[in-house]
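Novice: Here's the letter readout for the chains.
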Amino acid sequence: MKYLKSWPVWMLMGLIVVALLTVGTTRDNGPLTQSDRIDSITKHIACPTCDGESVYVSRASAAEAIRNQVARDVSAGTMTDDEIIGSIANTFKAKVLLVPRATGVDSLVWILPIAVLVCSIAGLWAAFRRWRRENNGEASSDDVALVEKLLAEDPTDEDNV
Amino acid sequence: MLGVEGLAGPLGRAALFVGLIGAFFGMIAAVTGTRNEDEKVLRLVPRFATLSCVAAISAFAAMEWAMITRDFSLAYVQKVGSKSTPALYNFTAVWSALEGSILLWLLILTCLTSGIVFKYRTRITDPMVGWAVAAMFFVGIFFFILTLGPANPFAVGAAGVLDGPGPNPLLQNHILVVFHPPILYLGYVGMTVPFAFAIGALITGRVGEGWLVETRRWALFSWGFLTLGIILGSWWSYEVLGWSGVWAWDPVENASFIPWLTGTAYIHSVLVQERRGMLRVWNLSLLVSTFSLTILGTFLTRSGVLNSVHAFSDSNIGPYLLSFFAIIVVVSVVLIGWRGQKLHSPGTIDSPLSREGAFLANNVIFSVFAFVVLLGTVFPLIIEALQNRQLVVGEPFFDKLAVPVGLTLLFLMCIAPVLPWRKASGELLANRLFWPAWGGIGALALSVGIGATGFAPLLTFALGGFAGGAALRQLVLATRRQGLRGFVGRANGGMVVHIGVILIAVALAASNSYTHSQEMLLKQGVVATFNGHTFELTGFTTESDARRTVVAAVVRVDGGKSYTPAITKFKSMGTNIGTPSVKSSFVNDIYLTVEPPIKVSSKTVKIKVFIKPMVMWLWIGGGLMGVGTLLSAFPGRRRKPTDATSAPVPTGAVS
Chain Y
1 MKYLKSWPVW MLMGLIVVAL LTVGTTRDNG PLTQSDRIDS ITKHIACPTC DGESVYVSRA
61 SAAEAIRNQV ARDVSAGTMT DDEIIGSIAN TFKAKVLLVP RATGVDSLVW ILPIAVLVCS
121 IAGLWAAFRR WRRENNGEAS SDDVALVEKL LAEDPTDEDN V
Chain P
162 MLGVEGLAGP LGRAALFVGL IGAFFGMIAA VTGTRNEDEK VLRLVPRFAT LSCVAAISAF
222 AAMEWAMITR DFSLAYVQKV GSKSTPALYN FTAVWSALEG SILLWLLILT CLTSGIVFKY
282 RTRITDPMVG WAVAAMFFVG IFFFILTLGP ANPFAVGAAG VLDGPGPNPL LQNHILVVFH
342 PPILYLGYVG MTVPFAFAIG ALITGRVGEG WLVETRRWAL FSWGFLTLGI ILGSWWSYEV
402 LGWSGVWAWD PVENASFIPW LTGTAYIHSV LVQERRGMLR VWNLSLLVST FSLTILGTFL
462 TRSGVLNSVH AFSDSNIGPY LLSFFAIIVV VSVVLIGWRG QKLHSPGTID SPLSREGAFL
522 ANNVIFSVFA FVVLLGTVFP LIIEALQNRQ LVVGEPFFDK LAVPVGLTLL FLMCIAPVLP
582 WRKASGELLA NRLFWPAWGG IGALALSVGI GATGFAPLLT FALGGFAGGA ALRQLVLATR
642 RQGLRGFVGR ANGGMVVHIG VILIAVALAA SNSYTHSQEM LLKQGVVATF NGHTFELTGF
702 TTESDARRTV VAAVVRVDGG KSYTPAITKF KSMGTNIGTP SVKSSFVNDI YLTVEPPIKV
762 SSKTVKIKVF IKPMVMWLWI GGGLMGVGTL LSAFPGRRRK PTDATSAPVP TGAVS
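First to last, the protein sequences are chains Y and P.
Numbering-wise (the numbering used here), the first sequence opens with residue 1 and increments by one.
Numbering-wise (the numbering used here), the second sequence opens with residue 162 and increments by one.
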C-alpha cells in the first residue's frame with residue numbers, strides 16, 4: 001500500500017490527467033446549431049430598453065428586434081460572432097455591450113479584482129511569515145506528554161479526522 | 162365587507178405605530194437596564210419585544226386582510242391588488258412590491274427579536290445579551306420607521322379606485338412565489354442575530370469565543386435559509402422566465418449572493434476562532450460585512466439607483482437605507498477600533514498546509530469573489546458618476562471572473578477536508594488524498610469517455626470528483642466510527658453541504674457548456690427531430706377567465722408524454738408572458754418554449770427547444786445543501802469550544 005501511494009504513482013496520475021485534458025480540450029465539440037450561435041451572441045448584448053437584461057434573456061420588443069438582426073447576420077454567414085456584436089454595438093453605441101471594454105476608466109472593472117487578489121495573497125504571505133517568526137519555540141516536555149496521551153486515547157474527534 | 166371596509170388601513174398604521182413605540186422602549190429598557198444593572202428594568206424587555214412582535218404580526222395580518230377583501234382605499238392594494246387575482250397569488254401579492262416586502266422583513270425581524278428575548282429570558286441581565294437585544298431593537302426601529310415613512314404599505318390611495326392591475330404577471334405564475342421571498346428574507350434577517358451579538362460582545366469587551374458559541378446556530382440557519390432562498394429563486398427563474406437559465410447575474414440576484422459569499426466565508430473562518438482563538442477581527446468584519454451588505458443590497462435594488470428585472474419602482478427609501486448602512490459600518494468600525502487591543506489573537510497559524518491555513522485561503526477567495534460581484538454590480542453607477550454615461554455590466558463579465566474563482570474554491574474543497582489542524586506533512590497528504598484524487602481522475606475519464614469537451618468544464622468535473630471523494634472519505638471514516646452519528650455535526654454535515662455544492666458546480670458546468678437549442682416550426686401531425694429527440698404538435702388548449710387567457714401548444718416529446726409550453730395574456734396589463742414546459746430527467750432536461758403569436762387556426766406553432774444536461778442535479782445539490790446545513794446544526798462529538806485545543810474529548814460527550 002505504501003508503494004501504491006508513492007510519488008511515481010502520483011506522477012502517473014498527473015500524466016493521466018494531462019492526457020485526458022488534452023484529449024478533451026483538443027477534439028471537436030460538434031457542430032453548433034444556428035440557434036446555438038444566436039444564443040451565444042445575444043448573451044453578450046444588452047437589451048437597450050430593458051433593466052439590465054441581455055437580449056438573450058429579455059422578451060421585450062427591442063430585444064426581439066436585435067435577436068432578429070443577429071439571426072439574419074448568422075444566416076448570412078459572412079460575419080464572425082465578434083463582428084456581429086461589433087456591428088450591433090456600432091448601431092446602438094457601446095451601451096448595449098454587457099462586457100466592459102479593457103480601456104480607459106472601464107478597465108478598472110478588470111484591474112481592481114486582480115489588484116485585490118494580489119494584495120490579499122501578499123497579505124496572507126506576510127501574515128504567514130510573521131506567524132512563522134513568532135512560532136519558532138520548541139515544545140515543552142509537558143506538551144509532548146499531553147500529545148502522546150491524547151494520541152493514545154479515542155481519536156474520534158470529528159474535527160480532526 | 163362585513164362592515165369593516167377601510168379598517169385595515171387605520172388598524173395597520175396604528176399597529177406599526179405601537180410596534181415602533183414597543184421597539185423604542187425595548188431598546189431604552191435594554192440599554193438603561195444593562196448600563197445600570199437594573200434587573201427590574203431589564204425584566205420589561207420581553208414585554209416590549211412581545212408588544213412590537215404582536216404589533217408587526219397585526220400589521221401584516223391587516224395588510225393580508227386588506228388584500229383579501231380588496232380594500233382599494235389603500236394605495237398599495239391599488240398597486241398590486243386585483244379582484245381577479247386567485248386567492249393564493251392574492252395572498253403572496255403582499256410581498257410582491259416594495260412596501261409589502263419591507264413589512265415582511267419587519268415581521269420576521271420582530272419575531273426573531275422576540276425569539277431571542279424568550280431564549281435568553283433567564284440571562285437577560287447578562288450585559289452581552291442586553292446589548293445584543295438593544296441592537297436588534299435598533300434595527301427593528303429602523304424598519305418600523307421605513308414602514309411608517311417612505312415604504313408605508315397603509316398609505317391611503319386615490320379615491321374612487323375599484324380595481325387594480327394585480328401583482329406583476331411573473332409573480333402570479335408559479336407556486337414558488339409563496340416560498341422564495343420569505344425563505345430568502347429569513348436568511349437576510351437572520352443575519353441580524355449574530356451581528357447583534359457581535360455588537361454586544363464588542364460593547365462589553367467579551368470578545369473571546371463565547372459570543373460565537375451563542376450565535377453559531379443562528380448564523381448557520383440564516384446561511385441555510387439564504388442558500389435555500391437563492392436556490393429556490395434559481396428554480397423559479399428556470400420554471401417561469403422562459404430563457405432556460407437559472408442565474409443571470411441580475412443586480413437583485415447579486416444582492417443576495419454577495420452576503421451569501423461573506424456569510425460562507427464566516428461559517429468557515431469562525432471554526433478557526435473557536436478552535437484556535439484566532440481571526441477575531443476578521444470574523445467580526447465578516448459578520449458586519451454580511452449584515453451591512455444585506456442593507457446595501459436592499460438599497461441598490463430597492464432605491465431605483467440600479468436597474469433590475471426584480472427592482473421595484475423608484476421610491477424615496479434610498480437615503481434611509483444608505484444612512485442606515487453608513488451608521489452600521491461606522492459604529493462597527495469604531496467599536497472594533499475601540500476594542501483593538503482585546504481583539505489581538507493569542508495564537509499563530511503554524512503552517513499554510515493546515516486546516517486553518519485552508520480556511521484562510523478559502524476566506525481570501527470568497528472575499529475576492531464578493532468584491533468582484535459587488536464591483537460588477539455597482540460599476541455602472543461609478544461610470545455614471547465619473548463620466549455621465551451609461552454602461553451595463555452583465556453575465557459575460559461575471560462568468561469570465563466567476564469561473565476561475567469557482568475552480569479555485571473547488572480545488573480547496575479537494576484539499577481542506579483531509580487537512581488536520583496545525584500542520585500536515587506531505588506524506589500524510591499523499592496518503593489521505595490518494596483515493597479522492599482517483600475519484601477526480603475517474604470523473605475526468607468518464608467525462609472524456611462520454612464526449613465532454615472544453616477545458617473549464619472538464620476541470621470542473623475532475624475537481625468535482627476529487628472534492629467529492631475527499632468529502633465522502635470524511636463521511637465514511639466518521640460513520641465507520643460513529644454509525645449514523647457520523648453524518649451529524651459541523652464537520653460531517655459540512656461534508657454533505659460540500660457534496661451539494663459539488664453537484665451544483667458540475668450541473669452548472671454541464672448545462673452552461675453543453676446546452677443545445679433549436680427553433681422549430683411544428684405542423685400538427687408532423688414529427689420533427691432535434692438532438693435525438695422527436696417533437697410532434699398534437700393540438701392546442703385554450704383557457705380563459707377574467708384575469709388571463711392561456712394558449713398552450715400540446716407537444717408530444719419522444720412519442721410519449723405531451724408537454725404544454727404556453728403564452729399567457731394578462732388582460733388588465735395587456736402583457737404576454739411565456740411559460741416554458743420542461744421534461745426533466747437525471748441526464749438532461751428538454752425545455753420547451755413557444756414563440757408568440759400562437760395562431761391556433763393555422764395548426765402550426767413556432768417553438769424553441771433547449772436540451773440542457775444535468776439540470777436536475779442542480780436542484781438535488783441544493784436539497785443536499787439544505788440537508789447538510791440541518792445535519793451541521795446537530796451537535797457532533799467534539800471538544801467544548803471553550804476548551805483549549807489540546808483538551809481531551811470527554812468520553813461519550815455530546816456538547
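Everything labelled a hint here was simulated from the structure, so no lab data went into it.
Here a beta-carbon is modelled for each residue, glycine too, at the ideal position from N, C-alpha and C.
Hints may be right or wrong, so weigh each one.
What the hints assert, rightly or not - Some but not every residue of chain Y turned toward chain P, in silico, with C-beta under 10 angstroms:
| # | residue |
| --- | --- |
| 1 | K5 |
| 2 | Q34 |
| 3 | I38 |
| 4 | R72 |
| 5 | D73 |
| 6 | V99 |
| 7 | V109 |
Novice: Compare the structure with each hint and give your call.
Specialist: Each hint tested on the structure:
no., hint, result
1, K5, "holds, 5 angstroms"
2, Q34, "holds, 8 angstroms"
3, I38, "holds, 8 angstroms"
4, R72, "violated, 14 angstroms"
5, D73, "violated, 16 angstroms"
6, V99, "holds, 5 angstroms"
7, V109, "holds, 5 angstroms"
Checked against the numbered hints above, the structure violates hints 4 and 5; every other hint is satisfied.
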